[in-house]
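K.L.:
Here are the chains, one letter per residue:
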Amino acid sequence: MNKETPRVYAQILLSLFLCLITSPRSFSQTEIEHKIEIIHKGISVTEKVECSLIEVRNIDNEAKYFFMHVSTVVCGDSICRVDTVKLYWDRYARFERLVLPEEVELEKAEGKAFTKGDYEKLNYVLREKDSPLKDLFADQMVGTLSSEGVDAASRASISINKKDYVEGAVWTCYSLWHWVHGDTKEIIRDLSGDATSSAELISLLSSHEKELAYYAIEQLKRRKEYSTEIIEHMIGFAKESPDLLKKSLDYWEGAPNSMYKKAMRAALLISDKGSRLLCLRAILQSSQTLSGNFFLALPLSYESMTYQEIQLLLRILNKYAIYSPVLIESLFPLLDLDDFLIARRVYWYLTDQDLNLRQEKRLATFYNKWKKKL
Amino acid sequence: MKRRNFFRRTFGGVLGASIIPLVGKSQSLEMKESAGRAAASNDPEQWHKLGTGKMPRPDRRKTLEYDIVVIGGGAAGMCAAVAAARNGAKVVLVQDRPVLGGNSSSEIRVHLNGVNHLKNGEPERETGIIEEILLHNRFCNPQDSYPVWDHVLYDFITREPNLDLKLNTTAIRAIMDGERIEAAYCWQLTTETEYTFKADCFIDCSGDGLLGATAGALYRTGREASAEFKERYAPKEADGWQMGSTVLLGSKDMGRPISFEPPHFTLKYDADKSHPGRKLKPFELGFWWVELGSEDDIIGEFEDNKHKLLGYAYGVWDYLKNSGKFPETENYALDWVSSLPGKRESRRFLGDYILCEPDMLGYKDFEDAVAFGGWSLDEHNPGGIENLAEPPSYFHEKFEEPYQIPFRCLYSKNIPNLLFAGRNISQTHIALSSSRIMATCALEGQAVGTAAALCVERQISPRELGKKHIADLQEQLLRDDAFIPNRAARDPKDLVKKANLIFASTTSSGDAKLLTDGISRDYHGKAHHWKSEGLPAEIQVEWEDRIRISKIEIKCDSNVKRNIMLRRDSLENKAYGTQVPPELLKTAELEVRVKGKWKKLAALEYNRTRLIKFSFDPVETTAIRILLLETYGASDVKLFEVRCYE
Numbered sequence: 142m143n144k145e146t147p148r149v150y151a152q153i154l155l156s157l158f159l160c161l162i163t164s165p166r167s168f169s170q171t172e173i174e175h176k177i178e179i180i181h182k183g184i185s186v187t188e189k190v191e192c193s194l195i196e197v198r199n200i201d202n203e204a205k206y207f208f209m210h211v212s213t214v215v216c217g218d219s220i221c222r223v224d225t226v227k228l229y230w231d232r233y234a235r236f237e238r239l240v241l242p243e244e245v246e247l248e249k250a251e252g253k254a255f256t257k258g259d260y261e262k263l264n265y266v267l268r269e270k271d272s273p274l275k276d277l278f279a280d281q282m283v284g285t286l287s288s289e290g291v292d293a294a295s296r297a298s299i300s301i302n303k304k305d306y307v308e309g310a311v312w313t314c315y316s317l318w319h320w321v322h323g324d325t326k327e328i329i330r331d332l333s334g335d336a337t338s339s340a341e342l343i344s345l346l347s348s349h350e351k352e353l354a355y356y357a358i359e360q361l362k363r364r365k366e367y368s369t370e371i372i373e374h375m376i377g378f379a380k381e382s383p384d385l386l387k388k389s390l391d392y393w394e395g396a397p398n399s400m401y402k403k404a405m406r407a408a409l410l411i412s413d414k415g416s417r418l419l420c421l422r423a424i425l426q427s428s429q430t431l432s433g434n435f436f437l438a439l440p441l442s443y444e445s446m447t448y449q450e451i452q453l454l455l456r457i458l459n460k461y462a463i464y465s466p467v468l469i470e471s472l473f474p475l476l477d478l479d480d481f482l483i484a485r486r487v488y489w490y491l492t493d494q495d496l497n498l499r500q501e502k503r504l505a506t507f508y509n510k511w512k513k514k515l
Numbered sequence: 026m027k028r029r030n031f032f033r034r035t036f037g038g039v040l041g042a043s044i045i046p047l048v049g050k051s052q053s054l055e056m057k058e059s060a061g062r063a064a065a066s067n068d069p070e071q072w073h074k075l076g077t078g079k080m081p082r083p084d085r086r087k088t089l090e091y092d093i094v095v096i097g098g099g100a101a102g103m104c105a106a107v108a109a110a111r112n113g114a115k116v117v118l119v120q121d122r123p124v125l126g127g128n129s130s131s132e133i134r135v136h137l138n139g140v141n142h143l144k145n146g147e148p149e150r151e152t153g154i155i156e157e158i159l160l161h162n163r164f165c166n167p168q169d170s171y172p173v174w175d176h177v178l179y180d181f182i183t184r185e186p187n188l189d190l191k192l193n194t195t196a197i198r199a200i201m202d203g204e205r206i207e208a209a210y211c212w213q214l215t216t217e218t219e220y221t222f223k224a225d226c227f228i229d230c231s232g233d234g235l236l237g238a239t240a241g242a243l244y245r246t247g248r249e250a251s252a253e254f255k256e257r258y259a260p261k262e263a264d265g266w267q268m269g270s271t272v273l274l275g276s277k278d279m280g281r282p283i284s285f286e287p288p289h290f291t292l293k294y295d296a297d298k299s300h301p302g303r304k305l306k307p308f309e310l311g312f313w314w315v316e317l318g319s320e321d322d323i324i325g326e327f328e329d330n331k332h333k334l335l336g337y338a339y340g341v342w343d344y345l346k347n348s349g350k351f352p353e354t355e356n357y358a359l360d361w362v363s364s365l366p367g368k369r370e371s372r373r374f375l376g377d378y379i380l381c382e383p384d385m386l387g388y389k390d391f392e393d394a395v396a397f398g399g400w401s402l403d404e405h406n407p408g409g410i411e412n413l414a415e416p417p418s419y420f421h422e423k424f425e426e427p428y429q430i431p432f433r434c435l436y437s438k439n440i441p442n443l444l445f446a447g448r449n450i451s452q453t454h455i456a457l458s459s460s461r462i463m464a465t466c467a468l469e470g471q472a473v474g475t476a477a478a479l480c481v482e483r484q485i486s487p488r489e490l491g492k493k494h495i496a497d498l499q500e501q502l503l504r505d506d507a508f509i510p511n512r513a514a515r516d517p518k519d520l521v522k523k524a525n526l527i528f529a530s531t532t533s534s535g536d537a538k539l540l541t542d543g544i545s546r547d548y549h550g551k552a553h554h555w556k557s558e559g560l561p562a563e564i565q566v567e568w569e570d571r572i573r574i575s576k577i578e579i580k581c582d583s584n585v586k587r588n589i590m591l592r593r594d595s596l597e598n599k600a601y602g603t604q605v606p607p608e609l610l611k612t613a614e615l616e617v618r619v620k621g622k623w624k625k626l627a628a629l630e631y632n633r634t635r636l637i638k639f640s641f642d643p644v645e646t647t648a649i650r651i652l653l654l655e656t657y658g659a660s661d662v663k664l665f666e667v668r669c670y671e
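Here the protein sequences line up with chains U and H, keeping their order.
Under the working numbering, the first sequence has 283 at position 142, and the numbering climbs by one with no breaks.
Under the working numbering, the second sequence has 475 at position 450, and the numbering climbs by one with no breaks.
Isolated chain H, as found in the complex:
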């Protein structure tokens, strides 16, 4: 019996969208260890190591302790891990592929989209750690190479203090201590090593969420009925449909006619029956609509689906090359086909809140908002490429402005030390159709990473953090340059808020006073910036009373109205760019006034981030001066925020 048929006949298979705890909780640590011991080699001479001697086959098992374990090295997981590490936790990031990036890696090559364009056509680009990553790529990968992007990410993650990375390592199951996850049991393929990662807190950013599932976290799959959450775009009755995975391809002009012989697994593409939404041009960079989902067990069916997807991908290419209808493809040949389909949907964990379509379209204000989204409600059709008559995606509705994502969607309802970020958060299928986009997932990741660090520090659960200390989480996120719509920063520790005077040497727009208003981008048509007239320029802050400071943080402009992600087509226009933003501040100096004399405290050269942090030995002062000397091209400099801390 085929795997898919098997599940149809079980109790789990009969239900539609349902709450299905994974049957059978994970083993205790002791049982796992005894099982491991049984698998070890007993023969002391099994391995003849030439030149050295004979020895038993190594029994590679390691138990390591961290504060936080993050499973999944895509956009969400990377940002969660970095956020947690930067907020003082000792973190391990576990990734089951040889490269980081998830769907954006060179293995899959999906664009790292976010709020690329609202209804007005303008982006509302994400800031925070994900922007740092994208800027790092702009500096290090001007050639827009995907394999190089893999290593840009590797560079970004491995340089972070307090953060260990384990690639080629799969989290197989959770090891439980009552309701809590005690450890993640993992297998590193390349080194044949069993890892047991113990921690206080676990974050599942793996998409499919196996750690959470084996821990017993409640989850759903499929589509909710419209009545459950009053979702206009949901089906009348609940069903098992999950959006599919896609195999992308790339081709190049060889300069001469190149023939194409389809492999045996090719599946004929019936273009005549296909909805016109399945565009065949441009053809060079693949077709996002070569997609297969499931109404049943999309994880269990993955390998079968992958086989079919490869067939369909090659089938579309075969149609282009050999139907005779596209003479312009004559010189083109495939130079890349993904062997790992990019996933869109599988498990969705249950949190204390389930985000739904009315929350998004109603732009609901959540007290515990920690992230935002704004990609359209981009629900792909059930059946994917096997339902040719339907459009590949419904693109139900675009958003006027970003919507908020509340913290209650990001931790498990029933596993007290489990958080999640990415496509597996607590939300309906329709909500997922918008929030699954990688930059949105990244913001969730930064939120849960920060939250986990706070939980570990205070020895509290995510639920307690959300109920009693949500403002602390939000303030930290805002300080770290995450944007929360309609939530201004009001950090009582920020000494600039107590300044008596803040002014600039020149002003062409905005006002220096806006640098303390708590909103670090222009939003809803209102300015929250100061912009100089020419360069160099200065910002000066004065206090009547002496203060003691050791940190100054500024947020400069990186133009959040322009996307900077890596793209296969290296698109360059008003909304997309491939260069380092010319607005970005490049060079600056920091001075403090001590006993009436200005003293240079720090110099910044070749800055690469929007959020710029200066740390120094504590100094007592009554004024600071920021000298802004150069940008990466713009003739004026724009800032959004200045903060000082003791």
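Just chain U, same shape as in the assembly:
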């Protein structure tokens, strides 16, 4: 055995290992073909296109990744050569990579091959979820300024910044971007969600990656799964981010009433003012039913709430026709706040309630003092 032999064996082992983990025909994975129909903005905004999406599952029957063969150019000026490439997404529909057929290089304008830099740029473009390519229709991509009127230089112009596409390959970028970020993503997420256990979805709620937490909420909502455990996990991460809280509020709206109340009570306890506002707004717009006892049980410190929060609270009480003498009595101290806007707002609310004599007198005092500002 010479010195080179271990290296050669290592290389062989490495190759075998790579084949095992990437080969679609690996004995540890199964491929499932899904015939899907999607809208690709570059092809048609009304007619769906039929595609074949391949789901690859592991030995535990969990979705691992997805891939699809697509054309590199579906619209445009018919100048660039059209190739078929493979796009890969992970189970959360995050774009992973583009794979070219063997000995094929992508082509750009004037028949030039993509350079290394072009591939890197393409990789960057395809990973940009919020690319300007998203909102453009195919006929908006290129304008001709030559007919600008009486005065203009004559030239075709690309209507997005150079940093957002590979020069000479705008149609390739546009076509591939919409394959990557179009309808296919939602389909992948739902397919993947179907093959994911509740336990795993719940564990994703605590993920440091917001995207995975969003995915979990989305799938739990779609599956209509609600539990106290889920509430606790969601509250945990909702404290970190208003965006996560918003998604959670949307999810809880579909919950059974008792779950909804538990969730909202927990959410309102988040001391952040912005979060409280979000929760109160959600309650105001909610189609769930709430009683006076729910609000009485809330450990809210009215004195520390902003005008907007107080207003929302009072609107909620009106909306649910909540009449609670205890609640009403708890609002009276707000008439003495330095913040006159809040005091006045509470005054107007209280004038519409059934009050006892003492409370009526209190309101009359307020009126006499502030009538010019009421």
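Careful, some of the hints might be misleading.
Below are the SDA-like pairs computed for lysine to any residue, each with C-alpha atoms no more than 20 Å apart in a straight line [as the list claims (entries may be wrong)]:
| # | chain 1 | residue 1 | chain 2 | residue 2 |
| --- | --- | --- | --- | --- |
| 1 | H | 625 | U | 456 |
| 2 | H | 144 | H | 419 |
| 3 | H | 620 | U | 473 |
Derived by calculation from the structure, the hints in this document are not laboratory data.
Fit chain H to the supplied structure of chain U, relying on the hints for placement.
P.N.:
Just chain H, lined up with the frame of chain U:
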């Protein structure tokens, strides 16, 4: 002797760029009337009106009185007239063509360009009355028809209260009272009527500026020497060159081969000698570079030039169709050729300030700024199509941001009640190469119309307005949604500025507090908006003290980063659109709180403007609420300003 040669031999013809008052002031009103009487028919039976009897030929003369007379119904004149009428003046708009629109009308079909794209490629679109007009077109003319555009403008102008329109009416001369214009003497071609329009104030937006010229207003033509204003792109020595006019054409695919026989006046187009800047493709919508100017009397030479321009336009088409080099034109035929060349330059009046290239490229801040521009310094070559070796335009430089236009450029130095807007304002030739663009002219028009109304109301001259009350003019313009770069509104009468609290139901970007910061667009990379998260959304304003209001005005989003003008090619991309902006607010409601109860005050449906005004009987309140219900497509609503007035 041909007209052009005649002027070369006169004193006026010898000078280069010069100040030439028109020789001979206008007649007094009495002299004009006596001359008119002499022209009347003396024969009582000249006209045999069958079925009725015999009568003299009618002597059609009318004298009408207004507060303000606006001459010229292009973009500048229309905006001047509407601005003046809306600010309380009684106005007549006099237009010498059968249609409104000037260079943008169906007769000429130049695109109503403005700050279409700065150096960064983005528009900084004009708002105010010109935007209202363009939005009106988007609603009423989705088919992008030019003849329909003419009537969109007709609709827009004739529906305006306090504004009379006289088409086919030419202002022939000013009738003077000392230094002041007393009246404009006009001839309406179609009705054989002599009109004498008397007014306090006159605005010349006619481009060529005949009213101003016959009033004796000082003006220039030609190119200044670079040393005069330190203009890098001006010639070393002053000369008479004025940018030319253009004849545009349009063609369509007939679906089968169509031959073309050039008319006798066709002039051969020597493509081989032509600078490559004269692009022949795309060919369907004409060639802006079919242009002829003058180094002498461009107005006097107009008809001769027009004849030649038609020859050149047909010559280019002949080259495309019959040279054998463009087989793709085989099925194409001309379906429109302009009979009225679109003008770019002639007289430039002198104001108290002459706007110049360094002002523009240096982005000078003027205390009396009232408008802005930003099209590139687009100076066309002397000679136009008769100087084939030179590029058709130099496109000297693009702008990083818009430049300001000061009020002092918009009124006459020596005629105290004359204002102007458009290509005839007080500026150098190089400055004109950028500001001549129609939307920029429109902003000037709105400025002078507003100014004229203020002058009439206060019985002062434009100069006095500029010196002592410029802030009032600027505040009114800003309130009317004209944008003045680097000038925030600070109207002391706006009660929202005194509010104790302003907040929104949801916010996805910006802040409700920015709705009172006085800047009604995002600018210089800074947000000046509030944007909701979803719809419906609410804005609420609270005052500690009770206030009395009768007006609420809001400025919603119309996406000033996208052009919406009518185009012959109906261009649709990120920078140009043919639809109603989806961002535009469509439906809203207004509530006020009275004694603790919200009371609906107004409802808005099918809104069509960026500036939305609510007027109602005065009400005392401590809070207002604006319910924003729907846009024309966007899922969120964006506002830039909320104002309240007593």
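K.L.:
Enumerate the violated hints, using their earlier numbering and listing them in ascending order.
P.N.:
none
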